[in-house]
Every structure is written in structure tokens, then in C-alpha cells.
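Listed below, chain by chain, are the residues.
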Amino acid sequence: MKREQAEIKLRHIFGLKTFYDSQWVVIERLFEGKRVLFIEKTGFGKSLCYQFPATQFNGTTVIFSPLIALMRDQVQKLQSLGISAKAIHSNQTEEENLQIIHNAENNHIKILYIAPERMENAHWLQTARTMKLSMVVVDEAHCVSMWGHDFRPAFRRIVNLVNLLPSSFPVLATTATATKRVEQDILSQIGKNMHSMRGTLLRPNLRLRVAHVASEDEKMLWLGENIEKLPGTGIIYTGTQISTQIYANWFNYLKIPSVAYNSRVDPESRKIIEQGLLDNAYKCVVSTNALGMGIDKPDIRFIIHTQIPQSPVHYYQEIGRAGRDGRPALILLFYNPKDDLHLPKSFIESAKPSDKKYYAVINAIKSERLGLHQLIKTVNLKQTQVRVILADLIEQGIVNEVLEGKNKKYEYKFNAPQLNITTFEELRSSKFNELEKMVQYTNLKQCRMQFLCDFLGDSLPNPCENCDNDTGKHIKVTIIEPWRSRLENFKGNYFPELELEPQKGENRKNPIKHSPLVNGVAASYYGFSNVGKTLHQCKYQHGVDFPDDLVNLTLKAFYHHYRDEQFDLVLYVPPTESGNLVKNFAGKIAQALNLPISDNLRKIRTTLPQKSFETNLLKGDNVAGAFEYEPSRDIQDKSILLVDDIFDSGATIKEIGKYLSKLGAVKVAPLVIAKTVGGDI
Amino acid sequence: MNRYNSEAPYWITIAHLPKWGTEKINRLIVKIFHQFQMNLEEFFKLSETDWLGNFLLSEQEISDLNNAKNELANSAFLAEDLYSQGYEIISLNSPAYSKILKDNLKIKHAPPVLYVKGNTQILQADSIAIVGSRDASEISLQFTDNIAKAASERNQVVVSGFAKGVDKQALDSAIKYHGKSIIVLPQGIMTFTSGFKRYYQSIIQGDVLVLSVFHPKSVWSAGLAMARNPIIYGLAKDIFVAQSSEKGGTWSGVINGLKKGRVIYVRMPEDSEINANRLLIEKGAAPVDLAGNVSNSGVNLNTNTQRTLF
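The listed protein sequences correspond, in order, to chains A and B.
Oh and the first sequence: position 575 is 575 in the working numbering, straight run, nothing missing.
Heads up, the working numbering is the position in the second sequence plus 1000, with the first residue counted as 1.
None of these hints come from the bench; they were simulated from the model.
Hints may contain errors.
To be verified - The calculated EDC-like cross-link candidates involving lysine to aspartate or glutamate, where the alpha carbons are at most 16 Å apart (straight line), are:
1. Lys1217(B) x Glu404(A)
2. Lys1045(B) x Glu32(A)
3. Lys1197(B) x Glu32(A)
4. Lys192(A) x Glu1041(B)
5. Lys1197(B) x Glu404(A)
6. Lys662(A) x Asp634(A)
7. Lys1197(B) x Glu401(A)
8. Lys654(A) x Glu499(A)
9. Lys34(A) x Glu1041(B)
10. Lys192(A) x Glu1042(B)
11. Lys1019(B) x Asp1064(B)
As the list claims (entries may be wrong) - To spell it out: a stretch of chain B is covered by chain A in this simulated footprint if at least three of its residues, at any positions, have a beta carbon under 8 Å from a beta carbon of chain A; those stretches are:
12. 1034 to 1045
13. 1080 to 1090
14. 1188 to 1197
15. 1254 to 1262
From a predicted model like this one, the values you see are computed outputs, not experimental measurements.
Note that CB positions come from ideal geometry on N, CA and C, so glycine has one too.
Only chain B is shown next, with the shape it has when bound in the complex (with noise of 0.2 Å):
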């Protein structure tokens, strides 16, 4: 029983807040933990009067609140079950929370709670992403393929997304070569049943991690798989683009992941493509090789980066 934490059901109740953002939810979070050094169980049991008074909480949020704590008793079944079904939900206040997501995200976009299954201490290693579109072409493929057995060489973790295409390719290359994986779901992750089934020997064997931010139960939608990239590129240190169409997931995941100043390495197309890769790059990502090795078209990595990549 000590396996469980019994903090779990406030985190599951707090981490989806209706209508609460990510960040307003973050901050409430280390008011309680920092500045008010209590925990989210202490903190429930404080009076209307403390919230207003000394959390300086709105009538509205109050009013959220109180609603969120008659779910309570709701959330510790989800809890259990969860828990009983082998699911691990890790909160970010938790040592086993991923630092690299953590340090990537911030209190802006970090889950409050991360739902897996599998080996948890991939969380903790060295990791790349692969990203790229689900009708990807052959050579795009290939450049996924070699991507993940380097890293798998290395001993980095290869995140993606579950998509056909690039995201499964990256996924089932990983697994090939021995490395570690995370699936980073579009959904929650009690519906990913087929995934369970057809990674099972993977996962028990600790090679693949699966990741959820979701509501556990959360049905696949075009909003999640959305939502679901920046955790992609949170989860990773690297990110290699595949290949990237003019809009779309991939496209707008690197535009977003520039603008906070990540580096991004694209392959660089070949001059019969017809793709978005070299946009990207006069955009700002760094253009690599089909080995990944980064190209010499005069993109200026910054010294960190500046190494033979594979």
C-alpha cells in the first residue's frame, strides 16, 4: 500500500480544474508548497476565510475550489483505480517528475501531473525527439531510422508522439536497436489500451515509458494531439523535424518550440522535396544531414550544440 501516494486524488482533483489554466494552477500550487510550506491535503482543510484571506483567492476560484474538494472522495476512486491497474501518477512536486521537462516548460506550461506506465526512470535520462508528419516519405523514414539508433547507441531516450508516420517509426526504431522509448499519448492514458497490448513486452521490460498529461480518461482528439507536442519537445533535449508540411502539428510545434528559443535540428531536404523542412530552417532550425549530422549551410549553433551530434 505504501507504493501509493495519498496525495494522488488532490493532484488528480487540482491538475484539471475546469477552466483553469495550466499556469494559474502552477502558481496556486507553489503558493501552497512554497510560500505556505503545507501540502494539498493541509491546504483543503483551511477554511473559506484562509483562502480568501491568505491565499487572496477570488470569490470565483473559491467557489472552483469548494468544487473541487466534493470531488475529492470521486477523484481517490479514480486514484485507485489507476494505481490498482498499474498506472503510476506522478505530480511536480514529485523527485520522479522529469527535471528536463520541468526546466523546459516551467511554471507556464509544466503538467501538474504526469500519468505513466512502465519504466519511470527514463524520465531521468539523456532524451532526443523525433518529429515529423504521418505521411512521411521514405527518406524522412530513413533519417527517423537512423536518428533513433544513434541515440539508442547513446543511451538517449527517444520521445514521440504515437502518429503514424515519423512518431511511430521513431518509436518502433528505438525498440529495434535496444533503446529507451517514451510515447507521449494524444489521449488519456487509460484508453490506450491497444498501445498496452502491443507494446507489452517492451514496457515490462523497462525499455518504453507511457506518458500521459491528460484526464486518464480522455478520448483521442485533435485538440489533445496538439496540446500533446510541447510536452514532446518539453520531455526532450534535442528535437530532430523529419520532415514538416506548411501547417499542421509538426509545423506549428517547431515555430513554438523557435520562439522559446529551443534549438531544433530539420533534416535538410533534398532539392526534390516538396516540404516545409527548408522554410523551417530559413525560420531558424538548425539543418542536419540524413545521419543528423549538422550541415555546414552556414546556420550558427551556439557552442552548447556545436558537436558532432551522431
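If we strip away everything but chain A, and leave its shape as in the complex, we get (with noise of 0.2 Å):
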């Protein structure tokens, strides 16, 4: 097809004019039969490089994306022009999905939008060997190397299907954001005939800022001041879901619109959330780094950090998000010298477990040819650390993945290879060294930008002229009342909330029936404030009683969550090891609401302490049917209240709540004193 005739068919099915001239090569390309790797900054069209084909070719394309939100908006953007799209994903039902699988079988699908997951799924596979296939597309192709800043296991299985696609099969993977190396190794894996396309990173309109800071509170103070100063609506970036709440909560204390956003937030909400950013129903998302890829909002006017990212990849990328539509917009770091390596760093270190750990998987899967939650229990890891450990040993071709009907298995490979460590190692002081160029960045005297770009293999001839270092206007924290005060009276009536009803998404797909076990409340986060040191002192001093101020400030929590609910009892969590702290502060708290105690409620058998199991399965087991409470008629009909000091996996918790629900309890609330932020303890 010639560019002309393309451009007519351009305007009659997109309504859009011209090609640019990169789009058009590649698209060209497409046509022969051809595979290409597109590296265009975001929001530059390289989507139309695969839609526009797609609906000329006599089949179905097939897009692998891992971005739910993304996949929602184009599906909507290409339904919306006629052209017959759908998407594949979790956030879906089964039947939801099932539906689609059996439209693109009969060849009713123009454009699939797919999880890379879904490669592990027997029915979208038995879908995949008898459709009309025309093309796939790698989209967000930097996830398939592990030298990029979001390498994906799940994509793995891609590269294994584009390589053993036939040669003349049209193939495009796209990325906004991959280093020479990252690039390298993309055409490494899935370079089979494919050439590569970079177009330029610099992004004129956005002011780069850093600013230093001495604590956490100066991100707050100065956010607080300022936020709603700044033009427009924009994102917040925290390091870790519990600060995405604490500071959504600050500005709605200082009655400034605003969200956390993460991904622990349930499906539904976050439509609402996304949708809300588009509308500018917020001043601002404070999120993890959940939100954002495939958020299509031209004017995000203002993108700020107040934790590090872990490499100038990972930044750019993020930052990227902001002034698509070319207007100014701000780009600002807080960077604390003190404390914000912290994070970053334990991200890299624990990004691989200890050889122990590999071998520990190994040799049981070894012994027996295992699910993962057997797995999860035989070795007592966590899940996220055993689903490293399998995605590397299948990487490495020790372990297979197989399915038993509907069942994953894990097999041991006959003949398999030794573990490889010496590549997590690189890994290891890779992304050390991008860690610290990152930091570079932050103390830089030169223009931004152009660091920036040349990190991404894209160097600029000439300074942005729009960065603080280029301009002058540099952002500097100073801290007045009342302000401060402000801030204070904030952490004192701030109560996380405990989560035991069954998320809406989890509702949605197995309804659980109804539990008498509510939300709980904590007077504080473990290390907020100076809750956790005085806990901790408490804990290991033998005869001192948890302070007043300890009970004061939970019962401040109690008002503040509970408000006017009635109780009839006070229970306590009986201790793991002697000692009658929780006992005599569960007495206080009920005294102080006028409420009676009982102290029947106990242990019929030893427990481990909950901190030596590292998964929560184990964590369940290690309670079940470890509490009686006698005698269990008294707990017939009544509304308790169920106090402890600490609260983290929320194991134990559950587990007495099933309890008292068999003998009759028609509510349990759970009340304690601190809630721990992963790994406090």
C-alpha cells in the first residue's frame, strides 16, 4: 500500500491526517512482513504503528501489554472509531473474558489486547492454535530484559512465541524507555530479523526540580504549603503504599482534594480513581508506582516525588507521564540524603532471595512435583520470594511449568543445569550503579535534562534551558507556622485502618459468606511516630505496663473509628510467650469504655511466634484452631471488642474472629495499638 492511499483509509478510520514520517517506516515495515523494535518517547503515537495495520490485515492482532489501565483506554478509543477491539485481563470475569476468547476464535476481533499472563492460561492457548492470526505486538517490550528498570517473568514466554513465530510473520515490540543495553538485549531475545527505531527523549516543557531535604516532614510541610499554589492537577509519587495513605490523608486533612492510589486499592476503586484523575476531580494522586503507564491524560501538569527512584530509567519514565499536550509542566524530587537510600536500597538487595532459598525450592520440587502454595509451605518463604525463585529457575531451564488439568505444577527438568548465580550478582551491582547515577542527579550543577537523556542513550546537544540548574529557580524548603503544629495535630488523630473484610475485587469472584470480623483500627503505624519505640521498649523491660499515653491515644483511635457502635466484651489476644502486657492494657481500655473483660479467651496449644514464619499460609497454620474460649456459651449474640498490641499479617486476628464466629459472635472488632509497614519487627 502506498502512503497515500494509506492516509486516505487514515482519515476515513481514525480521522487523524498524515502519518509522521517515523510511523509511516514502520508501518511499512509491518506491511512486508517485517519485525521492528520502536523506541518513541510516550504519548508520540506509537500505537497507531500497529492499529492502523491491524485493520488492513485480514486476521486478528494480537497486542501483549501488561498495563490494565491502558489496555482499557485503547480498547474504548478503538471501539469508540468502530473498529472491533477487546481486551483480556484479570480485572475481568472469567465469563467476561471466556466471551472474548470465543469472539476472537471466530475471527470477530480485529485488535486483542492480552496480559502476558494469559500465556499460562489452557483456553486462551487453545484459542491462540485455531484463530486468524496477523501480526503480534510487544508492547512495553523493555519488560522483557532484566536489565531495564520493570523486568517481567511473564514476558518470557513471549519471547519464546515471537521466536518460533515464522520468520515473515509481521512482528512490532514498543517502548517508551530502554538504554542501549536495554535495547541490545530486546534484540538479543526477540531480534530474529528485527531492526531497531529510536526517536528523540527530550522533552522540552518539563521544569526539572530537585529539592533537599532534612526529614520526611519537609516533604509534608512544603507539599502541604505549596500543592495547591501549583497549576493544574498532578501525581505524587511515595515509595510504598502505607505513605501513598498517609499523604492522600494529609492533604484531605488540610481539605485539599486528593487519593492514595497503589495496588492494594481494589479494581473497582481504582477505575474510579483513574477516572477521577482524567476529570480533574483531585488536586493530586499520591500513588506508588502502580499508577501511571497507559494513563492517557494530556495535561497532568505537575508529577512529584517524595522518594527516589531507583535509577534515572525508572524516573524518566515516570516523569514522562507529565505535559503530553506540550504545556509546561513541573517535575519535582525530594531527595533526603539521610534516609531515602533506605529504600531503594533494600528493594535491590532483597530483589533476589539467598542461594539457600534457590536451593531450598529446587530440592523440594525435587522430591515432589508441586503447586505453588505447596511450595510456599513446604520451603516457608513468601510468595513474591518463591515466585522470584521460580521465575529464575525457569529462566534457567532447571524447572518446568506445567499444567495438571487446571493446575499449575512445578517440575524438576531432567538433566537440568547447575543454578546460576553470577548473573544476579551483575544484576546486583547494575542496578547498584544506576541507584547511584540517580543520586548523581540529584547533587547535578548541569542541566537535567540533557543528563537524563544521555543516561537513555539519546544525547542532547544543547542544555534544556527549562531545568533549575539551567534557569536559577531552584526550590528550596523552609519550614514556618504554623505549619509545623499543623502537622503534629495531623499524626495525633491519624488511625490506619486494619483490612479484614474481603477486598470488593475478592468479593466479586468467590463471595465469601458474611464474617462477623470488621475493620479494625491502630492508635498509629509502628514507626510513624514514637509509637513503635515505646512498644518495643515495653516489650522487652519486663513489669512496666504499656504507658498511659499509649492507652489515651488508642482509645482516641477507638472513638474516632468505632464511634458509637456498641459492645458487650472486651477480649484480648492471649500472648505467645508469659507476660501480662496486653492483658493489663486490654484491662485499662475497658475500664476506660465501661465495658467488661473476660480473660477466658485462651491458647489450648503452644504457637510459634508469628514472626518465624515467613508466608502467610504458614502463619494461618501456625494459629488455626489454637484459641477456646469457655465457657462459649457467653459469646452467644454478643458485639465484641477484640484488643491486641501489634498487628501484622492479621493472621492471628482472623483466626480468632472464625473462632468466635462458630460460637455465635455477631461482630468482632479489632482495636490494637500499632500496625506494622512490612518488616517492621
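Using the hints, put the two chains back together into the complex; each one sits in its own frame.
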């Protein structure tokens, strides 16, 4: 097809006048049955490079994309143009997905977006063996490279697939961010007959700023004071899920419309938040890196990081979402040299579990063909760690993932090679180098944009003339009253919720029968104020009770969360080791609330400290059936306030909730002093 | 990734061309690789004119091959799934392909593709097959155990067909005596779920190779069970029959083998036994005693096999 002909069709189908030259080069190659790796910045129009040819091919184009939000946006856009587009992903019910798969089988779908994980699904594989395929697209292709900023093991099977596709079958891989090393890695993995094309990375409208601070408080204070003065709406990236909640609550406390977004937020609420962001319903969305890729909002006016990202690639990727309309956007990074490296460093350190854990998994699989849950229990490791280990073992050809009916099992491979840990070490040192580059970015005296582009393999001839170093417009944080007391006041009135009720998303898939256990409340996060330190001291100095200000803070949390709910009885979690700390504490709470308290909830067998188990599955097993209450009829129809000191996995509280439910309790409401933030204790 | 043969989807596609028999497929493969010194990828890139003019293919054949070409991407999904679950795809031109099988079945019957899981080196080893009825007698099972034991002691691979009776005994005995085995499936390899679970340890220790020549997703059928018999015979240097009735898979397999000139050892039955062993001996099979030794019943063995067997 000639370009002129194509552009007539482009107008007709997409309502666009012309292709960019580089878009047309890509499209022409795809028409010739060639393969292209297209590296272009976000918002350039990479998707048109496959969407247009897809409408011209006589079959289905399959796009592997890891981003559900992006799939949803694109599908909506294509459908509004009258193009039959669908997406298959885990946020839809299995029935919805099966219906789409069925339509694909009958060649009723032109453009099919699909999550990479789906390559492990028997239904999909069955369909893929029979449907009429015209092209394969690997979106976010940097995910295939472990040297990239977002390596995803689920892409392994896509790499394998692309290598097995006939050489004249068109394949497009796209990414916005790939260093030279990642580009080479993508080409060497899926590069059979593949050409790469690179665009420029300069984003002249981004105003890069760095603000050095001395504490987390300073970040909160500056934002509290200034965020409303910033034009438009934007995103604040924090380092952890908890901090998204803390910041969002801080803003809401200041009556600044804001919301927390992270991967724990249920899919329905996420959809609502994403839509709210598009509609400028919030001044800012406070998010982990779970939000962003694929959010197609042209007018994000600021992106602020309260936590230094792991590498300049991560950073460029995240700030690239701002100012797609070409108008100015503020890009600010807060950096506290004293504390902020702790998180990315521990992230890099813990990216790969120890060798010992790898061998434990290998040995378990050698002795028996196991499913994921059986394996987690056998080796007593966290699910996330087991997943990382399995992905590496599969990648290295030591373990196979097989289907036994519908269940996934892991089996050892005959003649498997030895575990190769040298790549893990190389990877770790490469990640530390990248983090070091990010620290360099914060201390830079020259153009920041030049530094970022250079790191990403695109050398800018001139400074951007827009960053703080080029313009001399630096942001300095100075604290003035009344902001400091506002923050203190906020902290004393902030009570984290204990999530125990099934999430909305879970509910939809397998509705659980009504449980009397309700979401509880903690007086504080373990490390957020000095509560954690006080708890720790009391626990290790025998004979000292928790101080009264903890009792008062916990009562405040009670009134805040439960308001005027009525309770009949106070129970407390019997301790694993001896000691009356919790008993005495619960007694004071009961007295203050004028409620009866009972000491009859007992442990009927010894349990181990929950912190000795890495996986929640074993924590559940550890306390299963461990509790008893005599006389059990006292519990019938009672609303119970359940007191404990520290809330970690929630396994103990859940077990007690289950037990009391059996005895006929109508409500079990947890109240604790502190909630941990992953690995506090 | 280099573990994968990027031609696998082509082989899968061509191996299961509908309505093409094995010989027709193999003749085309030989033409492509020997006469034209090409691989399958190059062949499928050719124009119809080349197929017509150089390969002298008929219109119907060209239409079949065009259909096959359109399925290559689908076969890529299948190949990826197979590899990902630890199966291997051994094509006729691969050094891993069983030489014995090729020598025995030749262009007429050698399957273009073997789907396997386990220790593929077993395919290169000296081998025997033990076959017989599903409802075999005690003495036949004893014979099977004897033969499997002797074979295992001599490092010979025991080939069997995973049916009840003699087949299962042959496999279980070989495992018991720490020998090596090939299970030749009467079904596609991806449908052998419970078997892979049951023989997991033997497979990962390299003692058992599971093999199928059918489309990986095919479920068991009587037709596939029959079609699998020549593969069992083809994979073995020597064939031992524990027990046969006068019809059915064992019987037709032996008769077929004899027609092809294979030497087949049949257990000499006791006088009281009611089965077709004696009949097979009369038709030219070589009688052996309970221990597998060649009986002196006047059957003339050629010099190659004139040896104390066990």
C-alpha cells in the first residue's frame, strides 16, 4: 500500500490526516512482514503503528500489554472509532474473558489486547492454536529485559513465542524507555530479523527541579503549604503503599482533594480514581508506581516524587506522563540524603533471595511435583520470593511450569543445569550503579534533562534551558509555623485501618459468607511516630506496662473508628510468650469504655511467634485451632472488642474472628496499638 | 531460548498435514532437505510457482500447503506451550531422532516428529520391546518381568506401550530393576497428565522417556493405540511377545512385523495355555522360554540373532 492510499484510509478510519514519517516507516515494514523494535517517547503515537495495519490485515492482531489501564483506554478509543477491539485481563470476570476468547476464535475481533500472564492459560492457548492471527505486538518491550527498569517474568513466554513465529510474520515491539543495553538485550532475545528505530527523548516542556530536605516532615510541610498553589492537577509518587495513604490523608486533613492509589486498592476503586484523575476531580493522586503507564491524560501539570526512584530510567518513565500536551509541567524530586536511599537499596538487595532459598525450592521440587501453595508451605518462604525464585529457575531451564488439568505445577527438569548465580550478582551491581546515577542527578550542577537523556542513550546537543540548574530557579524548603503544629496535630489524629473484610474485587469472584469480623483500627503505624519505640521498650523490659498515653491514643482511635458502636465484651489476644502486657492494657481500655472484660480466651496449644514464619499460609496454620473460650455460650450474640498490641499479617486476629464466629459472635472488632509497615519488627 | 528449535512450528504443521500419509510427508521432506538443500522455513517462503515448477506439487497439494502456511503462527503457539511445559520436539532431521526407529520404519513409516519428555539419550541406546495382551496370565507377566530384568541388567532400554497387562508390567519391572524405559503413548503427549504425575521421579532421574508421535492434543483412541504399535516395534532392536490372542493389537503387530522381516521372539506357551502364541511361532516367530532363551524347537534363527539372549 502506498502512503497516500494509507493516509486516505487513515482519515476515514481514525480521523487523522497524516502519519509522522517514522510512523509510516514502521507501518511499511510491518506490511512487508518484517519486525520492528520502535523506541519512542510516551504520547508520540506508537500505538497507531500497529492499530492502523491491524485494521488492514485479514485476521486478529494480538497485543501483549502488561498495563490493564492502558488496554482499557485503547479498547475504548478503538471501539468509539468502530473498530472491533477487546481486551482480556484479570480485572474482568472469567465469563467475560471466555466470551471474548470465543469471539476471537470466530475471527470477530480485529485488535485483541491481552495480558502476558494469559500465555499460561489453557483456554487462551487453545484459542491461539485455532484463531486467524495476523500480527503480534509486544507493548512495553523493555519488560523482557532483566537489565531494564521493569523486568517481568511473564514476558519470557512471549519472547519464546516470537522466536517461534514464522519469520515472515509481522511483529512490532514498542517501548518508551530503553537504554542502549536494554535495546541490545531486546534485540538479542527477540531480534530475529528485527530492526530497531529510536526517536528523540527530549521533553522541552518539563521543568525539572530537585529539592534537598532533611526529613519526611519537610516534604509533607512543603507540599501542604504549596501544592494548592501549583497550576492544574498532578501525581505525587511515594515509595510505599502506606505512605500513599499517609500523604493523601494529610492533604485531605488540609481539605485538599486527594486520593491514595496503590496495588492494594481494589480494581473497581482504581477505575474510579483513574477516571477522577482524568476529570481533574483531585488536586493530586498520591500513588506508588502502580499508577501511570497507560494513563492517557494530556494535561498532568506536575509530577512530584517524595522518594528517590531506583534509577534514571524509572524516573524518566514516571515523569514522562506529565505535560503530554506540550505545555509546561513541574517535575519535582524531593531528596533526603540521610534516609531516602534506604528504601531503594533494600529493594535492590531483596530483589533476589539468598542462594539457600533457591536450593530449598529446587530440592522441594525435586522430591515432588508441587503447586505454588504447596511449595510455599514446604519451603516456608514468602509468596513473592517463591515467585521470583521460580521465574529464575524456569528461565535457567531448571524447572518447568506444567499444567495438570487446570492447575499449575512445577517440576524439575531431567538433566537440568546447575543454578547460575553470577547473573544475579551482575544484576545487583548494575542496579546499584543505576541508583548511584540517580543520586548524581540530585547533586547535578548542569542540565538535568541532558543528564537523563544521556543515560537513556539519546545525547542532547544543548541544555534544556528549563530545569532549575539552567534557569537558576531552585526550590528551597523552609518551615514556618503554623505548618509544623498542623502536621503534629494531623499525626496525633491519624489512625490506620486494619483491613480484614474481603476486598471488593475478591468478593466479586468468590463471595464469602458474611463474617462478623470487621475492619479494625490501630492507634498508629509502628514507625510513624514514637509509638513503635515505646512498644519495643515495654516488650523487652519486663514488668513495665504500656504507658497511659498509649492507652489514651488507642482510646482516641477507638472513638474515631467505632464512634458510637455498641460492644458487650472486651477480649484480648492471649500472648505467645508469658507476660501480662496486653492483658493489663486491655483491662485499662475496658475500664475506660466501661465494658466487661474476660480472661477466658485462651491458647490451647503452644504456637510459635508469628514472625518466625515468612509466609501467611504458614502463619495461618500456626494459629489454626489454637484458641478456645469457656464457657462458649457467653459469646453467643455478643459484639466483641478484640484488643492486641501489634497488628502484622492479621492471621491471628482472623483465626480468632473465625473461632468466635463459630461460637455465635455477631461482631468482632479489632483494636490495636500499632500496625506494622512490612518488616518493622 | 536457544534450547528451542525455531523450526519446530514448521515441523508440527507439516507432520500433521490432514490427509497426507507419513510416506507422502516424508518424501516431501526428503525433497526439501536433500534435493533442494533447503530447510522448512525457506520452503514455506517459496512462491506457488516454485512449488509447482520445482517441487512438482499438484494443485491440491499446493492448496493443502497454503492452508498449512496460514497455520504456522498457530503452531508457534503450540510449540511454545510444549517447550514451556518441558516437552521436546524431535524432528526427522535431528541427531536426537532415534536411529533404530528410522532404520526400521524407513521413509514409508518413520514419523516426521517425535514429541518426548525425559531423558532423550535413551533413544540412542540398545533396546528391546515387550508386548502382549491387556489381560495377560500370571506366567506371561512373570515372563515380562524376566525379560525386563535381563534387559535392565544388560543396559538395554525396555520399550512398551502403556497398556494394561504386559505393557505396564514391562515398564514397572524395568523401573524396579533400575533399567531404562520408553513409554510409547497411544495418545497425544499433552494428554498424559496422570502418567507424568505417576512416573515423575523416574522421568526426572532420567530412567523413563515418554514418547508420542501423534498431535500433542489428541486423546486416546483405539485407532491411535493400533497406530502406536509399529512405533514400539520400530524403536526396538528385539521384540518379545509375552502373550497374544488370535486377534487384536498384539496379534496384528506381530504379523505385521514378521511381514517386514523382523525377528520376533514369542514366549513358548505351556501345553495347557489357551492363546495364540503357538500360532505365531508357526507363522515364523522365534520361540523363547520363560527366561527368554531361544528354545530348541527347530526355528531357524539367522546368525545375527544366534546368541544366548539372556
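Margin query: I'd like to know which numbered hints this structure contradicts. Please list them from smallest to largest.
Written below: 3 and 15
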